[in-house]
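Enquirer: If you want the building blocks of each chain, they are given just below.
Protein chains: 2
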Amino acid sequence: MTRDSIRKYAHAAVRAGTLCLTLTGGALVEAAEHSPLIIKDQGSLIAGGGLITQPGRFDPYKPMMPDGQTYHGDHVYAFYQVPVDAHPLPIVMWHGAGQSAKSWETTADGREGFQNIFLRRGFSTYLIDQPRRGDAGRSLVETTIKPVPDEQLWFNQFRIGLWPEPFEGSQFPRGPQALEQFFRSMTPNTGPYDIEVASNGVSALLDKTGPAILFTHSQGGGPGWMTAIKSQQVRGIVSFEPGSSFVFPEGEVPAPIPSAFDTLSAQVVSKAQFEALTHIPILIIYGDNIPDKPVRLPAQDSWRARLEMARLWRDTVNRHGGDVRLIHLPEIGIRGNSHFPFSDLNNVEIADLVSQFLAEKNLD
Amino acid sequence: MTRDSIRKYAHAAVRAGTLCLTLTGGALVEAAEHSPLIIKDQGSLIAGGGLITQPGRFDPYKPMMPDGQTYHGDHVYAFYQVPVDAHPLPIVMWHGAGQSAKSWETTADGREGFQNIFLRRGFSTYLIDQPRRGDAGRSLVETTIKPVPDEQLWFNQFRIGLWPEPFEGSQFPRGPQALEQFFRSMTPNTGPYDIEVASNGVSALLDKTGPAILFTHSQGGGPGWMTAIKSQQVRGIVSFEPGSSFVFPEGEVPAPIPSAFDTLSAQVVSKAQFEALTHIPILIIYGDNIPDKPVRLPAQDSWRARLEMARLWRDTVNRHGGDVRLIHLPEIGIRGNSHFPFSDLNNVEIADLVSQFLAEKNLD
Numbered sequence: 001m002t003r004d005s006i007r008k009y010a011h012a013a014v015r016a017g018t019l020c021l022t023l024t025g026g027a028l029v030e031a032a033e034h035s036p037l038i039i040k041d042q043g044s045l046i047a048g049g050g051l052i053t054q055p056g057r058f059d060p061y062k063p064m065m066p067d068g069q070t071y072h073g074d075h076v077y078a079f080y081q082v083p084v085d086a087h088p089l090p091i092v093m094w095h096g097a098g099q100s101a102k103s104w105e106t107t108a109d110g111r112e113g114f115q116n117i118f119l120r121r122g123f124s125t126y127l128i129d130q131p132r133r134g135d136a137g138r139s140l141v142e143t144t145i146k147p148v149p150d151e152q153l154w155f156n157q158f159r160i161g162l163w164p165e166p167f168e169g170s171q172f173p174r175g176p177q178a179l180e181q182f183f184r185s186m187t188p189n190t191g192p193y194d195i196e197v198a199s200n201g202v203s204a205l206l207d208k209t210g211p212a213i214l215f216t217h218s219q220g221g222g223p224g225w226m227t228a229i230k231s232q233q234v235r236g237i238v239s240f241e242p243g244s245s246f247v248f249p250e251g252e253v254p255a256p257i258p259s260a261f262d263t264l265s266a267q268v269v270s271k272a273q274f275e276a277l278t279h280i281p282i283l284i285i286y287g288d289n290i291p292d293k294p295v296r297l298p299a300q301d302s303w304r305a306r307l308e309m310a311r312l313w314r315d316t317v318n319r320h321g322g323d324v325r326l327i328h329l330p331e332i333g334i335r336g337n338s339h340f341p342f343s344d345l346n347n348v349e350i351a352d353l354v355s356q357f358l359a360e361k362n363l364d
Numbered sequence: 001m002t003r004d005s006i007r008k009y010a011h012a013a014v015r016a017g018t019l020c021l022t023l024t025g026g027a028l029v030e031a032a033e034h035s036p037l038i039i040k041d042q043g044s045l046i047a048g049g050g051l052i053t054q055p056g057r058f059d060p061y062k063p064m065m066p067d068g069q070t071y072h073g074d075h076v077y078a079f080y081q082v083p084v085d086a087h088p089l090p091i092v093m094w095h096g097a098g099q100s101a102k103s104w105e106t107t108a109d110g111r112e113g114f115q116n117i118f119l120r121r122g123f124s125t126y127l128i129d130q131p132r133r134g135d136a137g138r139s140l141v142e143t144t145i146k147p148v149p150d151e152q153l154w155f156n157q158f159r160i161g162l163w164p165e166p167f168e169g170s171q172f173p174r175g176p177q178a179l180e181q182f183f184r185s186m187t188p189n190t191g192p193y194d195i196e197v198a199s200n201g202v203s204a205l206l207d208k209t210g211p212a213i214l215f216t217h218s219q220g221g222g223p224g225w226m227t228a229i230k231s232q233q234v235r236g237i238v239s240f241e242p243g244s245s246f247v248f249p250e251g252e253v254p255a256p257i258p259s260a261f262d263t264l265s266a267q268v269v270s271k272a273q274f275e276a277l278t279h280i281p282i283l284i285i286y287g288d289n290i291p292d293k294p295v296r297l298p299a300q301d302s303w304r305a306r307l308e309m310a311r312l313w314r315d316t317v318n319r320h321g322g323d324v325r326l327i328h329l330p331e332i333g334i335r336g337n338s339h340f341p342f343s344d345l346n347n348v349e350i351a352d353l354v355s356q357f358l359a360e361k362n363l364d
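Heads up: the sequence lines are chains A and B, in that order. Just so we're aligned: 82 in full-length UniProt numbering is position 82 of the first sequence, and the numbers increase by one with no gaps anywhere. Just so we're aligned: 152 in full-length UniProt numbering is position 152 of the second sequence, and the numbers increase by one with no gaps anywhere.
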């Protein structure tokens, strides 16, 4: 880039600035979604994890023998971007089961994901691959990965629709190309899923980032709660469709909730651990097409049970002085969202809901 | 970000522009390495890959049965960034064995990698996870991943030094923290390594990007040559320490080169396939601490054999009218480079060499 072209661009940016995100009477207006991103710093880092050391002595003439060699694994990977004039708290974005940092990048139909949207709104972002996933692939425990066809399961389970038909009015991106991009964004565990390993990794990342907001999705919800228990750095959580591992204090654990999919058990933590969750604002968001009453279809009924457990959890945290808000989107008139509200067709509207919450809780 | 803060930044960018990358009498000067990056567009996409379809009919009441379900895999993942006023050709950056897109991001000691450096120089970048690696983890072939300690092997093999001592004058980032970041940046294959699958994936990516420059590293070198054979979109290649899979035309295949590590065989392609490699400029870069003559230590001797094969390959391509330049860095006075010249301590100097090549070949 020549100095002339930078100068030319910078003047354009002044003009674009007049179109950019503005806060007008409390309403967020995203007027220039595609003005350039102005990034002060970006890169990646790795945090946490453990180490295996093989007994014996390394022989450089027999390098394929493990004797005396080491193996680092179970760490978390994060790609970070810091916009100019960033808000004090970065957002750590944590994917769900079978997903990766890609969850928050470009949507399956090529629109901007929460990475770009929240960068434009002035937040630093950390997109992670949790321990034993994606670019954080070295696991201290062996695993076998089998290509067992399962995508129709996920189509239903993620409430895109009832295979092969999307739900009427679905906000999930339409068409075979988007569906293919979505299916190909899934990526396997490279070691057994372990909520302790996952939350230890992200806690170690937060030691490096300092105080931060967590966005979690689905399976990431559970280790997200555990991270807020383990780390002093979590200042707020926005959890999209947490799917399991709701943690309750000893003596207040609700009965398991049976469904046609599974029986959803609550997890128990000490009262002292639970206490941590009562000190931070938490927003939980669920999408549409979750039945009110038991139904026979496993994919559908699983979410009835999960939403029910989430409400019990909200009530328990709030009874202990906490600040959990649960938004079931259809109840506020936002219809058609799948399991991925942050990348659905209306993800800017969802981002506005999140921004309002962050502003209200002084997290921006 | 408020409109005022954007305006304030944009004026700062005008001033920063006067300090930024300038071309003065042929010498590249990077004066303001940490001015903001001005990114017109960024995101991720997935390309290529195959599909398994299980015979039978999907039963939504038995979703764990694979019958009638699909499984997409063997695609490539890419994270892209387009700076304002980008050069016409993007750079596709392709990692080596056990690595991922992280290779090109922040270095192990926290400096900027080739992603940021070449964005600052006006190139769009595509950082890939090749098929069966990282965020492109779904493989159509099963694999088992075992945590077998091997890091001392890699320390020697990647010519950081002779474990536990770095080479004197090494350009590899120093200290235990950098070494830990490096070890943790390794990530496993999630399916068997397959040069055809890898090159098919990147060829499909190039169908989406259009004409591009390939940067390849180590194991990525071989599928890089195959990609240039398969795709019309490769306009030039910069290959860092290609480690195997040098392709020769039928009838001109050199004898295997034995070393204390392995016996390095050349690969054979048809004359028509080989022809593609004679139509694009290619730069190959090898670092330091490669012995001239056979030595007993496998890690060292392997690179003697690889450099010897690379020279035979250069001569063969050039004999057919091609344009391959091989730079063995110590021969031009640049000493101490490891297997990772693009993230070594002198990576800006290495980037300058690459930029000079790209300018000379009209690829910028």
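For the record, the hints were derived by calculation from the structure and aren't laboratory data. Computed from a predicted model, the values in this text were never measured in an experiment. Ideal Cβ placement from N, Cα and C applies to all residues, glycine included. Careful: at least some of the hints might be erroneous.
What the hints assert, rightly or not - Here are the computed lysine-lysine pairs in the DSBU-like style, where the Cα-Cα straight-line distance is at most 35 angstroms:
no.: 1; chain 1: A; residue 1: Lys208; chain 2: B; residue 2: Lys230
no.: 2; chain 1: A; residue 1: Lys230; chain 2: A; residue 2: Lys208
no.: 3; chain 1: B; residue 1: Lys361; chain 2: A; residue 2: Lys40
no.: 4; chain 1: A; residue 1: Lys146; chain 2: B; residue 2: Lys361
no.: 5; chain 1: A; residue 1: Lys62; chain 2: B; residue 2: Lys146
no.: 6; chain 1: A; residue 1: Lys40; chain 2: A; residue 2: Lys208
no.: 7; chain 1: A; residue 1: Lys146; chain 2: B; residue 2: Lys230
no.: 8; chain 1: A; residue 1: Lys62; chain 2: B; residue 2: Lys293
no.: 9; chain 1: A; residue 1: Lys230; chain 2: B; residue 2: Lys146
no.: 10; chain 1: B; residue 1: Lys208; chain 2: A; residue 2: Lys40
no.: 11; chain 1: A; residue 1: Lys361; chain 2: B; residue 2: Lys40
no.: 12; chain 1: B; residue 1: Lys271; chain 2: B; residue 2: Lys230
Said to hold, decoys possible - Computed far set for chain B versus chain A, every beta-carbon distance over 10 angstroms:
no.: 13; residue: Gln69
no.: 14; residue: Ala299
no.: 15; residue: Gly322
Enquirer: Give a verdict on every hint.
Expert: Going down the list of hints, with the structure as the test:
1. Restraint check for lysine 208 of chain A and lysine 230 of chain B: the C-alpha separation of about 44 angstroms exceeds 35 angstroms, so the hint is violated.
2. With a C-alpha separation of about 14 angstroms, the suggested pairing of lysine 230 of chain A with lysine 208 of chain A holds against the 35 angstroms cut-off.
3. Of the pairs offered as hints, the one joining lysine 361 of chain B and lysine 40 of chain A holds, with about 32 angstroms between alpha carbons and a cut-off of 35 angstroms not exceeded.
4. For a cut-off of 35 angstroms, the pair hint linking lysine 146 of chain A to lysine 361 of chain B is broken: about 45 angstroms separates their Cα positions.
5. Between lysine 62 of chain A and lysine 146 of chain B the CA atoms are separated by roughly 19 angstroms; this keeps the pair inside 35 angstroms, and the hint holds.
6. Using a Cα cut-off of 35 angstroms, the hinted pair lysine 40 of chain A and lysine 208 of chain A holds, with the two alpha carbons roughly 18 angstroms apart.
7. Using a Cα cut-off of 35 angstroms, the hinted pair lysine 146 of chain A and lysine 230 of chain B holds, with the two alpha carbons roughly 29 angstroms apart.
8. Of the pairs offered as hints, the one joining lysine 62 of chain A and lysine 293 of chain B holds, with about 20 angstroms between alpha carbons and a cut-off of 35 angstroms not exceeded.
9. Straight-line distance between C-alpha atoms of lysine 230 of chain A and lysine 146 of chain B comes to about 29 angstroms, which keeps the hinted pair within the 35 angstroms bound.
10. At roughly 29 angstroms between alpha-carbon atoms, lysine 208 of chain B and lysine 40 of chain A fall within 35 angstroms of each other, so this suggested pair holds.
11. Restraint check: the Cα-Cα separation between lysine 361 of chain A and lysine 40 of chain B comes to about 32 angstroms, which is no more than 35 angstroms; the hinted pair holds.
12. Of the pairs offered as hints, the one joining lysine 271 of chain B and lysine 230 of chain B holds, with about 14 angstroms between alpha carbons and a cut-off of 35 angstroms not exceeded.
13. At roughly 4 angstroms from the closest C-beta of chain A, the C-beta of glutamine 69 of chain B falls inside 10 angstroms, breaking its exclusion from the interface.
14. In this structure alanine 299 of chain B is not separated from chain A by more than 10 angstroms, as the shortest Cβ-Cβ distance comes to only about 6 angstroms.
15. The beta carbon of glycine 322 of chain B sits about 31 angstroms from the closest Cβ of chain A, which is more than 10 angstroms, so the claim that it is off the interface holds.
Of the hints listed earlier, those the structure fails to meet are numbers 1, 4, 13 and 14, in rising order.
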